[in-house]
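Trainee: UniProt numbering applies: residue 1 is where the sequence shown begins, and numbers increase by one.
Since the hints were made in silico from the structure, they are not lab data.
Hints may contain errors.
[Unchecked claim] Subject to a maximum C-alpha distance of 20 Å in a straight line, what follows is the list of computed EDC-like cross-link-like pairs (lysine to aspartate or glutamate): (1) K206 <-> E216; (2) K84 <-> E66; (3) K84 <-> E131; (4) K206 <-> E136; (5) K137 <-> E103; (6) K206 <-> E50; (7) K137 <-> E216; (8) K137 <-> E66; (9) K31 <-> E50; (10) K84 <-> E100; (11) K137 <-> E50; (12) K84 <-> E109.
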Amino acid sequence: MEQSAVTTAGLASVATPSILHLILEADLIVKAVMILLLCASLWCWAVVFEKGFRFARLQRLATAFERNFWSGAPLDDLYRRLGKRPDHPMALMFATAMDEWRESPSSSETAAQASLLERVGRVMSLTMDREVQSLEKHLPSLATIGAVAPFVGLFGTVWGIMNSFQSIAATKNTTLAVVAPGIAEALFATAMGLVAAIPAVVAYNKLSYALDRYAERLSSFTDEFSVVVSRELDAKRFG
Numbered sequence: 001m002e003q004s005a006v007t008t009a010g011l012a013s014v015a016t017p018s019i020l021h022l023i024l025e026a027d028l029i030v031k032a033v034m035i036l037l038l039c040a041s042l043w044c045w046a047v048v049f050e051k052g053f054r055f056a057r058l059q060r061l062a063t064a065f066e067r068n069f070w071s072g073a074p075l076d077d078l079y080r081r082l083g084k085r086p087d088h089p090m091a092l093m094f095a096t097a098m099d100e101w102r103e104s105p106s107s108s109e110t111a112a113q114a115s116l117l118e119r120v121g122r123v124m125s126l127t128m129d130r131e132v133q134s135l136e137k138h139l140p141s142l143a144t145i146g147a148v149a150p151f152v153g154l155f156g157t158v159w160g161i162m163n164s165f166q167s168i169a170a171t172k173n174t175t176l177a178v179v180a181p182g183i184a185e186a187l188f189a190t191a192m193g194l195v196a197a198i199p200a201v202v203a204y205n206k207l208s209y210a211l212d213r214y215a216e217r218l219s220s221f222t223d224e225f226s227v228v229v230s231r232e233l234d235a236k237r238f239g
């Protein structure tokens, strides 16, 4: 009974540390791990919000552009309305293709028209590749955070547990008051690693899928525009 009372008193004497207290009182190495993981988590969410809003905006602009493209209005009118600064990849692909078409010499020969179609398709593909590469920027960092953050947190955990054992060896005392702080900060480092890694992995998969869908939409537009140009060329040749 007396031993139980002593144990209870020992447990009660161990104050529950707050998160801020764990960070401030942690070992220098563990503290550096926590700060690194916090920065990684903030970067992850910054990329998620920036890419998420950007992809949603580009899909809306592409829908509006395709509506205008298939409205039946002359392509030259749409080209003039865009001006010299298209504000999204699909419009930029259209503008570069129109530039190539307008600058090419007019010819009714089959070989010349086939060469024009090939050049238009190539120009649009190159433009699409550049735009997709630009949209892909910072996405690999999410994959890196998702893969590395748990191990960084695990390193902080191992270091914190080592400090707990050193405290036990130095004080020759195994009470919770000696062991708990080091173990708590060690487990908190693991938790921070998971908090940074899990959203990064989920966001990378979701954003990569959204980018692939948008790239497929741009690729389909390249084929659609080539069909329109082919019709125009056939109309001039047989008209």
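Trainee: Confirm or reject each hint.
Mentor: Hint check results:
Simply put, K206 and E216 have alpha-carbon atoms about 16 Å apart, close enough for the 20 Å limit, and the pair holds. Distance hint between K84 and E66 is fulfilled; the C-alpha atoms sit about 19 Å from each other, no more than 20 Å. A distance of roughly 17 Å separates the Cα atoms of K84 and E131; the hinted pair therefore holds under the 20 Å criterion. With a C-alpha separation of about 13 Å, the suggested pairing of K206 with E136 holds against the 20 Å cut-off.
For a cut-off of 20 Å, the pair hint linking K137 to E103 is broken: about 32 Å separates their Cα positions. Simply put, K206 and E50 have alpha-carbon atoms about 14 Å apart, close enough for the 20 Å limit, and the pair holds. About 18 Å separates the Cα atoms of K137 and E216, which keeps this hinted pair within 20 Å; it holds. Among the hinted pairs, K137 with E66 is inconsistent with the structure: their alpha-carbon atoms are about 26 Å apart, more than 20 Å.
With a C-alpha separation of about 29 Å, the suggested pair K31 and E50 falls outside the 20 Å cut-off, and the hint is violated. Distance restraint check for K84 and E100: the Cα-Cα separation of roughly 14 Å lies within the 20 Å cut-off, and the hinted pair is therefore satisfied. A distance of roughly 11 Å separates the Cα atoms of K137 and E50; the hinted pair therefore holds under the 20 Å criterion. Between K84 and E109 the CA atoms are separated by roughly 31 Å; this puts the pair beyond 20 Å, and the hint is violated.
Hints 5, 8, 9, 12 from the list above are not met by this structure, while the remaining hints are.
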